[in-house]
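Undergrad: Protein chains in written order, with this note's numbering: chain S, 22 to 303; chain D, 22 to 303.
Treat the hints as calculated values from the structure; they're not laboratory data.
Misleading hints may appear alongside valid ones.
Below, computed lysine to any residue pairings styled on SDA-like, alpha-carbon distance capped at 25 Å [to be verified]: (1) S:K152 <-> D:R208; (2) D:K206 <-> S:D291; (3) D:K152 <-> S:D79.
Coverage of chain S stretches by chain D, computed from C-beta distances (three or more under 8 Å per stretch; other residues unrestricted) [as the list claims (entries may be wrong)]: (4) 54-67; (5) 291-301.
Yeah, the Cβ is synthetic: ideal placement off N, Cα and C, and Gly gets one too.
Protein chains: 2
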Amino acid sequence: MSLLDRINDCNNGTDVSAYRPFEVNQTRVGWIHRRFSAALEPFEDVFNIHEKTISLSDKLKDYQSRSAGLDVVLRSLDEEGWFPGWRDEAYPVGTGFYDQPILEMERTAVPRFGVSAYGVHINGFVRDGDKLLMWIARRADDKPTYPGMLDNFVAGGQPVGLGLMENVLKESAEEAAVPEEIARKARPVGAISYRREEDNCLKPDVMFVFDMELPRDFVPTNTDGELSDFSLLPAQKVMEITADTADFKFNCAAVNVDFFIRHGILGPDDPDYVEIQRGLHR
Amino acid sequence: MSLLDRINDCNNGTDVSAYRPFEVNQTRVGWIHRRFSAALEPFEDVFNIHEKTISLSDKLKDYQSRSAGLDVVLRSLDEEGWFPGWRDEAYPVGTGFYDQPILEMERTAVPRFGVSAYGVHINGFVRDGDKLLMWIARRADDKPTYPGMLDNFVAGGQPVGLGLMENVLKESAEEAAVPEEIARKARPVGAISYRREEDNCLKPDVMFVFDMELPRDFVPTNTDGELSDFSLLPAQKVMEITADTADFKFNCAAVNVDFFIRHGILGPDDPDYVEIQRGLHR
């Protein structure tokens with residue numbers, strides 16, 4: 022395997038022929054697989070299911086009514102087991118991160134509707150002379166998604182009503198007990214974009230990436246039960262793990278690769294150098 | 022104007038309907054505009070001009086014969102004024118930076134054939150507390166391309182037979198008199214890709230980007246006559262110039278924007294943040 026394979030794992034959602042556009046107000050906001058659309062058919066007041074599109078009923082005219090109408094459907098489908106690990110956390114739905122959302126949706130349903138999700142991923146690193154060490158997290162074994170897999174230092178989805186930097190501070194405190202004065206030094210360093218397909222779900226997501234330099238004597242502690250442990254490893258070793266194993270959650274591997282490039286750990290002698298960077302910004 | 026406009030300036034080569042693929046061995050290696058193809062018609066021994074493609078004659082069977090055959094044509098066309106500023110510098114031609122080149126071509130002819138060019142661009146910066154200062158160059162008024170425009174600290178095209186890091190050292194010495202022990206600390210930080218159209222030429226180019234931290238007391242001096250002067254400016258000020266003026270050469274503006282993102286000078290509060298990054302890796 023290679024680092025490019027990891028990036029390609031994030032961009033395996035190229036064929037959408039089994040999906041129909043999910044529209045609100047004649048605007049596409051997601052993609053719904055045919056295996057899921059059948060489950061929506063009983064809810065005629067909320068969904069208009071056409072041959073080529075699935076749209077939210079025009080009778081739901083504003084943010085509140087759309088969100089409430091959809092919520093009834095999602096809670097009913099959750100009882101049928103469609104959304105394991107229901108979080109009771111609202112994600113915005115719309116045409117882009119910087120556009121006004123037109124409804125909100127329970128987080129666990131977002132990939133099932135092929136709606137774009139947003140999040141923050143934080144590389145926690147320590148300087149060791151000229152070298153860098155990276156703090157790597159392992160996801161708890163009881164997490165509903167990607168249990169036991171390796172993760173970035175801190176990462177979290179972007180819910181309704183929270184700014185990116187607020188989310189960085191909140192997740193850094195919850196996931197790694199980072200004191201606020203350290204967490205405030207996190208620096209935005211870019212965003213990665215991809216379109217991943219998994220289990221008939223589509224994730225056309227954008228993750229905002231931050232670098233957080235940590236003091237040598239700082240040791241993270243998880244406080245929310247979402248991570249099982251942390252390790253401090255040379256960045257070069259993290260690159261080997263990322264390239265040689267599928268231990269990292271798919272998008273965390275991409276965040277790692279972006280870190281390796283920005284810090285000169287992966288250089289232009291790699292024949293996939295240019296292609297990898299294109300794959301980080303689909 | 023905005024920073025996204027600068028990135029879009031680099032990617033204005035989306036419509037290739039006025040171009041025909043330029044092929045060698047049934048493989049496309051460039052794009053030729055119809056205004057230039059007429060000039061190739063007299064050279065029947067070298068070019069096969071078809072309705073949909075222009076190809077190098079199959080009689081030219083290897084790197085040497087292809088390069089030599091083409092060179093005769095180019096020198097003849099140079100006398101007609103097609104290649105102002107002829108450099109006598111060979112660029113590799115092929116299917117990608119990491120693939121074996123299949124011929125070489127005089128540098129000034131490369132955009133006319135829509136062949137991908139490669140180069141190194143170096144951000145020379147100085148730390149000033151928490152802030153960064155950037156050394157910015159101005160191109161000499163007698164340079165054949167983009168005279169008088171602002172440029173990155175050091176930049177140069179990638180000729181045949183030189184490694185990227187060798188080129189970084191060579192250009193740093195020639196353009197800014199950087200001592201080798203400083204230049205060796207340049208760190209690869211990524212590559213930008215774009216497709217620019219200009220004057221019926223296509224530039225589907227890749228620039229390898231390096232950051233070079235400079236000592237506070239270092240002052241660059243141009244030794245090859247290609248630059249007229251250098252200025253040391255706060256990165257924030259360079260961002261304003263990049264956004265508000267068209268003073269930077271088009272691809273140097275993109276290298277600046279990439280620097281602003283990687284160093285957190287441009288953050289995710291900019292509504293073009295994600296789109297800009299996609300545009301840096303076309």
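Undergrad: Does each hint hold? Answer for all of them.
TA: Verification of the supplied hints:
no.	hint	in the structure
1	S:K152 <-> D:R208	13 Å, holds
2	D:K206 <-> S:D291	19 Å, holds
3	D:K152 <-> S:D79	51 Å, violated
4	54-67	violated (count 0)
5	291-301	holds (count 6)
Against the hints set out earlier in the document, violations occur for numbers 3 and 4.
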